[in-house]
Amino acid sequence: MPLDQTRTGLSTTEEARRQIEICNACRYCEGYCSVFPAITLQRSFSDGDITQLANLCHNCRGCYYACQYTDPHEFQINLPKALAEARSESWERFAWPGAFSGLFQRSGVALAAALVVCFGLLFWAGQALRPESGEGFYAFLTHSVMVAIFMPAFLLPLFAISLGLRAYWREVGGMPVRLTHLTRAFSEAARLKDLSGGAAGGCNFEKEDRYTNVRRWHHQAVMYGFLLCFASTASATMLHYAFDMPAPYGLFSLPKLLGIPGGLLLALGGLGMAVLKTRGEKDLGAPALWGGEMAFVLLLFFTGASGLALYAASGSALVGVLLPVHLGAVLAFFLTAPYTKMVHGFFRLAALIRNAQMQE
Amino acid sequence: MSAKSEKVWDVVVVGGGNAALCAAIEAAEAGRSVIILEGAPKTYRGGNSRHTRNFRCMHRGPLSVLTDSYEEDEYFDDLIRVTKGNTDEELARLAIRTSEKCLPWMESHGVRFQPSLSGTLSLGRTNAFFLGGGKALVNAYYNTAADLGVEVVYEAQVTHVEIADGRFNAVEVEIAGGARQRIEGRAVVLASGGFQGDIDWLARAWGPAARNFLIRGTPYNRGVVLKDMLDQGADSVGDPTQCHAVAIDGRAPKFDGGIVTRLDCVPFSVVVNKNGERFYDEGEDVWPKRYAIWGRLVAAQPDQVAYSIIDSKSANLFMPSVFPAVEADTLEGLAEKMGLPAEKLRQTVDAFNAACREGTFHPTELDGLATEGVEPQKTNWARPISDPPFYGYSLRPGVTFTYLGLKVDETARVTMGGRKLENVWAAGEIMAGSILGEGYLAGFGMTIGTVFGRIAGQEAAKGAVRGENAHAA
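Heads up: the sequence lines are chains X and C, in that order.
Residues in the first sequence are numbered from 1 upward in steps of one, following our numbering.
Residues in the second sequence are numbered from 1001 upward in steps of one, following our numbering.
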């Protein structure tokens, strides 16, 4: 009376549940990341539990290479893949408006097309709305035009993502958030604890069963690079409105002191992530998403690199070309954010907060 | 492959599990050229080591992840208890004493341990748990061996160890089912495991009942090298019917089910055979200690099958099982679903329930909540099976490894007709019967494999140099 453990006909969620139940009977991987201690809290797993576990997984692959039940074993365990697929399905389910769900996640071509459209828009704006006079960037596009384009391009995606997060929180049964949950979640995100492999001291992403910290470092370069760039823009906005100090800014100004290292980290980290992606085994992630993810990390790289190039070209005629290119990249990044890998950052943070609640 | 067979290797290691890898690493670190002949394909490399989880280790104070202390005498007493004295004290104490030095050696060769665990046996003092389990340990050793220049050949089934005048010269090996070839060496370490993967051999030793056993570990341990050595007159230890056998989920795969097939529900259940009759005290002792005896108990029942039955009170008291329990609202319904005689099961459970008495139930310790006036008695955790839904699991004997093996001395040297072979060493399950005559102690297989694997590798490295000099002279 052996039970049917073959994968035929199981939905993504059912397949993830089948594997998680086997993991819960084994528990050898307990020390790798947050997923396994979370599994041991339960004996049966609702669809919401699967969504939560899927978003808690950082695809480090430590559990896959340690697993005695991977293919060709009849249990056919490939938890990194099962959770990657459940994770991306959850993002598509939470995407608003639903019409865009999966568009940029699944297709690098769509993301590249969005980028080209945004370039076009910015070049058109630069040509058609070129001011009579202005200093620095504002010689090409006035501040008010930039705000008119980027304010909605920033707020609309944030609004869409917040709707998704609300749906996520409902599905995983989230409770009211307290400071201790936030402290724990942010501390884990800041260290990228779930890519550390616990005592293994690294993950198995790009070198099969050998452990390295390379992906963790590149990921953190991207994350901190992005945050620094964001802080740079925020500080410039503050200077502009609160202190009446419009751009351009010198090297020793807050926007540049934050933005230059931020751009460097974003560009190097993004490039590193792209290279690692070519080395990792495709079938331990969600193969259907590979192209979209690759396009996304390359967009991160391009955004950072074009920003640095723009700064390097300050005062030259190249600014006229580089400004719309860079702003086009930024615009494409923000507009597509609710439908690209970018949502990973938001849902992962939510998963860490929920996990902090469950571990109490 | 031709290059491998043209060369004379310093050390040929037969097998690719923990003991083989420890031997290969030691020999390579001593500067010898080493080839590992692993019978399994790469994805199944590591023998039973890929299913193990921990290493039992002596320590005189806190050591790495181990707390408190666990000294030689206590460790030895634990071993005596499970083997009922059926051990070689000198070799056992050597394994125990050397284990303390092995743990740091393991860490320095890539093995990672995990700090603390939930939901496992309470072994944080005596046993160090591998992060990721045995396959992660095996991966670490293969990487270390690769870095040391050890050559690894997968799907390499050694069919014959050439021994002439007390001396090893070469092995005959079939690689990936290809033609037989000779690989020459100056020393050999035999670490190719037991014979539990050969069901016919098990059936010769145990009788036809063995055909119903499940093999919990690797299917690649078929005892080919062990049999070849015994046929050539190598001295042996162990009883062919002795093995590490536990009662596992009856629905487990025939081979390679590993840890997840464990069932921890027995202490909270009544266990009946296919005739619906109880046959042993389910509450004899805390489960980890008694777990290992249930394989033999079930093996002695008709058709080598038993059924563990609990009610809703106990459903969440043990580790989750990999296959869901059979569930029914009535005992009769459960009997029907499990193919048991319903009326007989009802009588057995009624008699058991009537023998239960009032008392305090403590799931995690011996609570003395025993039956009165029923045979066999249940001496702990005896609560009536009365609250629906009822749950049932089938049990079958699951063999992890066999104990019949080669006799070795304290240098892991193999003997033939009472004479030491000049350049043949053995490590791991192929010689574990020298120390584990019967019973089992969690994590001790890894201790034997690591200790004797390292000794065999060091000795073979020295032996290979002597062999070289002898040839040169």
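Keep in mind that the hints were calculated from the coordinates and are not lab data.
Quantities reported herein were computed from a predicted structural model and do not represent experimental measurements.
Some clues are possibly wrong.
Stated by the list, open to error - DSSO-like, lysine-lysine: derived pairs with alpha carbons at most 27 Å apart:
| id | chain 1 | residue 1 | chain 2 | residue 2 |
| --- | --- | --- | --- | --- |
| 1 | C | 1042 | C | 1084 |
| 2 | C | 1101 | C | 1407 |
| 3 | C | 1042 | X | 207 |
| 4 | C | 1344 | C | 1274 |
| 5 | X | 256 | X | 277 |
| 6 | C | 1337 | C | 1274 |
| 7 | C | 1274 | C | 1313 |
| 8 | C | 1042 | X | 282 |
| 9 | C | 1042 | X | 277 |
Unchecked claim - Here are some chain X residues the structure puts well away from chain C; computed CB gaps all over 12 Å:
| id | residue |
| --- | --- |
| 10 | 69 |
| 11 | 92 |
| 12 | 100 |
| 13 | 103 |
| 14 | 109 |
| 15 | 198 |
| 16 | 268 |
To be verified - Covered stretches of chain C, as calculated for chain X (at least 3 residues, CB under 8 Å):
| id | stretch |
| --- | --- |
| 17 | 1194-1203 |
| 18 | 1241-1247 |
The beta-carbon is built from N, C-alpha and C at its ideal position, and this holds for glycine as well.
Hint check results:
At most 27 Å may separate the alpha-carbon atoms for a hinted pair to count; residue 1042 of chain C and residue 1084 of chain C exceed this at roughly 38 Å. The hinted pair formed by residue 1101 of chain C and residue 1407 of chain C meets the criterion: a straight-line CA distance of about 24 Å does not exceed 27 Å. For the hint pairing residue 1042 of chain C with residue 207 of chain X, the CA-to-CA distance comes to about 16 Å; that is within 27 Å, so the pair holds. Distance hint between residue 1344 of chain C and residue 1274 of chain C is fulfilled; the C-alpha atoms sit about 10 Å from each other, no more than 27 Å.
The straight-line distance between the Cα atoms of residue 256 of chain X and residue 277 of chain X is roughly 31 Å, outside the 27 Å bound, and the hint therefore fails. Proximity of residue 1337 of chain C to residue 1274 of chain C is assessed by CA-CA distance (about 13 Å); at most 27 Å being required, the pair is judged to hold. For the proposed pair residue 1274 of chain C and residue 1313 of chain C, the alpha carbon gap of about 24 Å is at most 27 Å, so the pair holds. Taken as a hint, the residue 1042 of chain C and residue 282 of chain X pair is honoured in the structure, with Cα atoms around 20 Å apart against an allowance of 27 Å.
Simply put, residue 1042 of chain C and residue 277 of chain X have alpha-carbon atoms about 24 Å apart, close enough for the 27 Å limit, and the pair holds. With a least CB separation of 7 Å from chain C, residue 69 of chain X falls inside the 12 Å interface cut-off, contrary to its annotation. For residue 92 of chain X, the shortest C-beta to C-beta distance to chain C comes to about 30 Å, beyond the 12 Å cut-off, and the non-interface label holds. No beta-carbon of chain C is positioned within 12 Å of the beta-carbon of residue 100 of chain X; the least distance is around 39 Å.
Its beta-carbon lying about 37 Å from the closest one in chain C, residue 103 of chain X satisfies the requirement of being farther than 12 Å from that chain. Distance check on residue 109 of chain X: its Cβ is at least 35 Å (rounded) from any Cβ of chain C, clearing the 12 Å threshold; non-interface status holds. The beta carbon of residue 198 of chain X sits about 6 Å from the closest Cβ of chain C, which is not more than 12 Å, so the claim that it is off the interface is violated. Every CB of chain C is more than 12 Å from the CB of residue 268 of chain X (nearest about 28 Å), matching its label as outside the interface.
Counting residues of the stretch 1194-1203 of chain C whose CB falls under 8 Å from any CB of chain X gives 0; the rule of at least 3 is not met. Given a C-beta distance limit of less than 8 Å, the hint that chain X covers the stretch 1241-1247 of chain C is violated, as 0 residues qualify and 3 are needed.
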